[in-house]
Amino acid sequence: MDFLVFQYPMITLQACLDGILLGVLFALIAYGMALQWGVMNIINIAQGDLVILGGYIAYFMYLYGIHPAWGVIVAPVIMYFVGIAIYKLVINKVVDRDLFISILATFGISILFMQLMNFAFGADVVLANSGYGTTMLFDNNVVLPNSKIFSAFISIVFAICLVIYMKKSKLGRAIRATAQNARAAKILGVDTEKVYAATFGINAALCGVAGALISITFTIHPYMGLPYTIRSFMIVIVAGLGNLPGVAMSGMGLGVFEEFADYILGTEFRIGSVFLLLVLILVYRRFKLSRKREYLK
Amino acid sequence: MNKNFILYAVILIFGLAAPFLFPAFKVQLSILCVLIVLATTWNIQGGEMGYNSFGNILFYGLGMYLCASVQVGMFFPLAEWTESGGEKTFVHTPTQFFQGMAVGLVVAALVPTIVAGLIGYSILGLRGHYFAICTLGLGVAAGEISGGIEIIGAGQGFTTPPFPNVGSLEARGEFFYFLSFFTLVLTFIAVRSIYSTRFKLILNAIRDNEDKAEAMGIETMKYKIIGWMISAFFCGLAGGIMGGLVGYIDSTDVAFDGREMGVFMVLMAILGGKGTLWGPIIGATIFHIFKEGFWTFFLGWQYVALGVLIVVIVIYFPEGIMGWLREKYPERFGEVVDEKDRKAQVELK
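Protein chains in written order, with this note's numbering: chain L, 1 to 297; chain V, 298 to 646.
These are computed hints drawn from the structure, not numbers from a lab. Treat the hints with caution; some may be incorrect.
With the Cβ distance kept under 7 Å, some of the chain V side facing chain L (calculated, not the full set) [said to hold, decoys possible]:
1) T392
2) L415
3) S419
4) I430
5) G445
6) E447
7) I448
8) V601
9) V611
Model, not experiment: these values are computed from the prediction. Quick reminder that beta carbons are idealized off the backbone N, C-alpha and C, glycines included.
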């Protein structure tokens with residue numbers, strides 16, 4: 001990599017900054033995934049499709065003449081109820097079951113969402129133009145769209161708000177208690193069913209925020225959901241459940257990795273490299289864990 | 298045993314006569330054979346071994362690309378073929394076509410098997426959902442990467458050699474039907490003989506409790522890899538045939554089509570009943586009929602139906618048809634039921 005660092009320092013800097021700003025968004029999505037994984041033990045393949053749906057909400061506000069940045073407020077509210085609806089219809093029937101069942105069920109939801117969005121919004125790649133302009137740094141060598149800075153800022157604000165909410169509020173405490181031990185929480189009077197629904201709703205709302213920001217900074221397309229799921233899954237397994245600084249760091253790391261893959265290998269291999277990285281990380285993790293596995297469970 | 302023999306004979310005769318009885322459905326029947334092969338081989342490691350893979354599509358797509366590339370590359374320069382986009386600058390003679398197809402199918406079966414063996418050691422060490430997501434990633438990565446490789450057509454696709462002009466117009470359909478039916482029979486014989494050996498018991502032991510199986514002295518990793526390689530062999534073969542049948546290979550829409558074929562094979566096996574010999578076959582047949590009906594009458598809504606179908610099957614019918622039958626008529630499956638238990642069950646209901 002050092003040839004790139006020394007020969008093209010500006011490109012390197014550009015890629016790093018882009019990657020970090022992008023990674024903050026990934027971390028926000030991954031935080032939602034870590035939340036529902038930790039609390040309900042569910043891996044939601046439809047995570048990425050919830051993100052895209054949130055993006056379309058912001059895009060439609062843009063089409064009707066409202067500034068898409070307001071989508072950051074509107075999308076999570078709508079997505080919260082979408083999340084609750086998904087929970088009531090499907091997820092509450094698979095919560096206690098085998099993990100593979102929940103993966104397959106959410107895969108079904110993912111396909112359903114993909115196609116419904118394709119019908120409703122068309123198969124074009126769209127973006128909501130925020131009109132924020134760009135910031136030039138270092139003699140105009142590094143170009144940063146203001147929308148990216150805005151989206152990273154908003155993601156951080158939402159993440160901090162959520163962390164405080166989880167620490168201080170009653171529902172947040174109930175969620176954390178359920179994550180630690182669902183049965184004990186039930187005995188102590190926590191309505192776990194409600195907690196699960198709220199968790200899924202909060203996750204969907206986070207996806208909505210991230211989606212609205214993605215529609216401002218990047219592009220959205222009905223079939224682009226799965227890479228976001230895979231990214232957030234990857235970030236969560238690298239960081240571990242309930243490790244918020246870890247989620248933020250590995251999110252940024254993934255963003256930087258992607259930007260470099262984009263520059264070095266070419267844009268057509270960008271998504272492929274993300275999926276390959278997932279496989280490599282899982283394999284690395286398996287060899288690392290197998291050294292520790294000395295006893296039978 | 299005798300009864301089974303008659304059943305097999307009837308199915309075999311029906312299979313051989315089918316293209317002449319239903320000449321209009323030859324292509325559909327060939328696809329059905331391929332689907333049954335995919336579901337049955339998915340069941341080897343998904344149902345019997347308990348390793349739920351979304352990534353068998355990797356071997357299917359690999360086989361498809363390999364078969365077509367070998368078939369073209371044996372006689373013509375591959376790069377020019379893909380660049381011309383299937384225009385008739387190069388034409389296979391019948392001998393060349395069949396020779397190429399034969400060699401291509403052998404390569405299409407063997408290379409995925411080797412690939413499965415090579416990656417098996419690293420991937421099959423993952424447990425449960427990590428394995429499922431990892432294989433999902435493998436399948437999608439393969440699709441994305443093959444979509445960027447120029448020599449096999451990149452984004453614009455790869456046209457497989459057209460069927461040569463031999464005999465009647467029906468020849469193409471009959472050729473592919475008998476090829477896929479032969480593969481189906483081969484798969485069935487192979488799987489059935491596997492299931493009557495100790496190997497199947499080992500796979501079941503791995504599914505039920507891998508750590509205990511290991512503690513009993515079974516080299517679980519070895520058997521897991523072998524199980525996956527058997528799956529890969531038939532998936533590659535099925536892919537090679539399907540490539541010739543469809544006539545056009547696209548990286549994400551035909552070959553590494555995780556959204557369709559990759560889910561179909563899981564769904565068919567679950568619908569029929571995981572971990573049974575006949576389950577995937579019944580599941581694939583019912584699923585194919587349903588799918589074709591839906592694809593024809595509700596064009597455009599098929600993925601919506603597919604999504605709903607997945608959710609409904611997984612939530613309300615995870616045991617599958619064979620599992621349901623087994624619960625209803627346990628005697629037919631050789632299980633002895635105590636009269637007392639039965640009465641207790643009836644009372645419970």
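Consistency of the hints with the structure:
1. T392: Result: violated, 38 Å to nearest chain L Cβ.
2. L415: 12 Å, violated
3. S419: 4 Å, holds
4. I430: With a closest approach of 6 Å, the I430 (chain V) hint holds.
5. G445: Because about 4 Å separates G445 (chain V) from the closest Cβ in chain L, which is inside the 7 Å limit, the hint holds.
6. E447: Since chain L brings no Cβ nearer than about 10 Å to E447 (chain V), farther than 7 Å, the hint is violated.
7. I448: Where the cut-off is 7 Å and the nearest Cβ of chain L is about 14 Å from I448 (chain V), the hint is violated.
8. V601: Cβ of V601 (chain V) sits 5 Å from chain L, so the hint holds.
9. V611: 5 Å, holds
Of the numbered hints given earlier, the model fails hints 1, 2, 6, 7; all others are met.
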